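Asks: So the chains spell out like this:
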Amino acid sequence: MTGIRITRAGPLVTLQDAGRPGLLRHGISASGPMDRTAFERAGGWLGAAGTTGIEFTTAGLGLVAEGSVAIALDGGAFELSIDGEAKPWPARALLQPGAVVEIRPGSAGNYGYLRFDREVDIAPVMGSRATSCIAGIGGFGGRALQVGDVVPLGATLPRGRGQHPTPAAERDGPIRVVWGIHADRFDDVIRQRFVTDGFVVSPQLDRMGVRLADPHRVFAAARILSLVSDAVVPGDIQILGDGTPIVLMRDHQPTGGYPRIATVVSVDLDRFAQLRPGAPVRFEPVTVAHAEGLKP
Amino acid sequence: MPDPHPTPLILPLGDRGLLVRFGDSLSDTANRAAIALAGRVEAAALPGVAEVVPNLISVLLRYDPATLTFDRLAGEIRLLVSGLEDAPAAGTRHVVQVSFDGEDLEEVAGLLHVSVMEFLAMHNAAALRVLATGFAPGFVYCGMHPETLVVPRRSVVRRQVAAGTVLFAAGQTAITSTPIPTGWHVIGHTDFRNFDPAAEPPTAVRAGDILQFAAP
Numbered sequence: 000m001t002g003i004r005i006t007r008a009g010p011l012v013t014l015q016d017a018g019r020p021g022l023l024r025h026g027i028s029a030s031g032p033m034d035r036t037a038f039e040r041a042g043g044w045l046g047a048a049g050t051t052g053i054e055f056t057t058a059g060l061g062l063v064a065e066g067s068v069a070i071a072l073d074g075g076a077f078e079l080s081i082d083g084e085a086k087p088w089p090a091r092a093l094l095q096p097g098a099v100v101e102i103r104p105g106s107a108g109n110y111g112y113l114r115f116d117r118e119v120d121i122a123p124v125m126g127s128r129a130t131s132c133i134a135g136i137g138g139f140g141g142r143a144l145q146v147g148d149v150v151p152l153g154a155t156l157p158r159g160r161g162q163h164p165t166p167a168a169e170r171d172g173p174i175r176v177v178w179g180i181h182a183d184r185f186d187d188v189i190r191q192r193f194v195t196d197g198f199v200v201s202p203q204l205d206r207m208g209v210r211l212a213d214p215h216r217v218f219a220a221a222r223i224l225s226l227v228s229d230a231v232v233p234g235d236i237q238i239l240g241d242g243t244p245i246v247l248m249r250d251h252q253p254t255g256g257y258p259r260i261a262t263v264v265s266v267d268l269d270r271f272a273q274l275r276p277g278a279p280v281r282f283e284p285v286t287v288a289h290a291e292g293l294k295p
Numbered sequence: 000m001p002d003p004h005p006t007p008l009i010l011p012l013g014d015r016g017l018l019v020r021f022g023d024s025l026s027d028t029a030n031r032a033a034i035a036l037a038g039r040v041e042a043a044a045l046p047g048v049a050e051v052v053p054n055l056i057s058v059l060l061r062y063d064p065a066t067l068t069f070d071r072l073a074g075e076i077r078l079l080v081s082g083l084e085d086a087p088a089a090g091t092r093h094v095v096q097v098s099f100d101g102e103d104l105e106e107v108a109g110l111l112h113v114s115v116m117e118f119l120a121m122h123n124a125a126a127l128r129v130l131a132t133g134f135a136p137g138f139v140y141c142g143m144h145p146e147t148l149v150v151p152r153r154s155v156v157r158r159q160v161a162a163g164t165v166l167f168a169a170g171q172t173a174i175t176s177t178p179i180p181t182g183w184h185v186i187g188h189t190d191f192r193n194f195d196p197a198a199e200p201p202t203a204v205r206a207g208d209i210l211q212f213a214a215p
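Line order of the protein sequences matches chains A and B. According to numbering that gives the first Met the number 0, the first sequence is numbered sequentially starting from 0. According to numbering that gives the first Met the number 0, the second sequence is numbered sequentially starting from 0.
Keep in mind that the hints were calculated from the coordinates and are not lab data. Since the structure is predicted, the reported quantities are computational estimates derived from the model, not experimental observations. C-beta atoms are modelled at their ideal positions from N, C-alpha and C, and glycine is treated no differently. Check each hint, because a few of them may be wrong.
[Claimed, not checked] To give a feel for the contact side, a few chain B residues facing chain A, derived at Cβ under 10 Å:
id : residue
1  : Val52
2  : Leu83
3  : Ser176
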């Protein structure tokens, strides 16, 4: 059977697809790729890709092809070699049986994607093969992929036309946000400084959330009494009891009781997910009507 | 005569979410209003609304901005709120068998200045309403207990309690269906599991349902 045998994996290598939206009331957040745009781009290089791919991190990924399989890679900037030969990034390749693929961290980004011209041959859970680290479901029994795992692949899909892989245009500038459901609990000075002072991505980041360093101590004086838990969406910026801002990501807790000052707009969340520890972050408030009209 | 529904705040939650919040603190009135509104919105089946999520005192609506804007959806919600009935119809009744053997049971009874037996008699006397679900897979909050049964959360968080743990704090009783960390008091354990990934839907208990706790 065709498959991909994992020979080297970081701690957060997971199977992902479009996720499982619509289950918040059952206690399950949608999951899905941290950088949906890059995930979709990788599929576009193949033309016809299975719905499920592998998300890997800066720890990289090593694999061996069991059978012949077409792959595409995108997301961040990684170093790629196939059978020892360096390849450009992003990439599309036809792997021969036994081909050795090595992916190592490159100059930018936290998350990369590997997609196939086939569907991953494991049973969906609640309509999705996405791994939910917090709910412990989907993918390989809700866990990250490990060395020795073989990701089984089904039959080739009808061949699409595909596109020649080209690097995406880099976007920078502030991360746009909509003021959050508890923004009125923060005084004017804190709200103003939230916009002007800037933060730094901390090393504490995973699929649940990204903690920010607050070098200007914007939230040092914030005092908010306990709140009743409310639904959470990806991109919500919670302020923990000790003043640490945390941006909630795809595997967020479905509800939260910490105050939320703002929410990252949908089209900027992928770019935010790729910011490495140490990267500066500025937030720019926009109106909901403006955010609704933004295109990826 | 029940209290009239409070006028809610309608807030954007990002650019694809609208939150309707009935007040700032947990009350029976606000909770009933949230559950009632969620039912109304579901029944209305508004085009572009992707998900309706009742919470303790609020309702989240996720919408597709290609079909619907926040402003238009807010207008629809104001209409639905104005027509809310005073009390949502009672939900399904579930009987939950609990072994009241939790490690914090004596501490809870002590905080309330009663014996363990007295506490259990008070705790199980009345059926509870499901206030909300979804903090974790299948997680159920129910209440509200009377003022005489309110204890604060523990100061120390347990790193993990098992599925089927019965928790107590803040005037509520909760049931876990997966292992989670918690600062609530552990008062018992149950075989009842409100989460089955193979089932459709994956949970059986809905906000507004009635739970009767019973010791075997």
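Asks: Now look at each hint and say whether the structure bears it out.
Replies: How the hints compare with the structure:
The closest approach between the C-beta of Val52/B and any C-beta of chain A is roughly 5 Å, which is under the 10 Å cut-off, so the hint is satisfied. Taken as an interface hint, Leu83/B does not check out: its beta carbon lies about 19 Å from the nearest beta carbon of chain A, beyond 10 Å. Interface restraint check: Ser176/B against chain A, minimum CB-CB distance 8 Å, threshold 10 Å, status holds.
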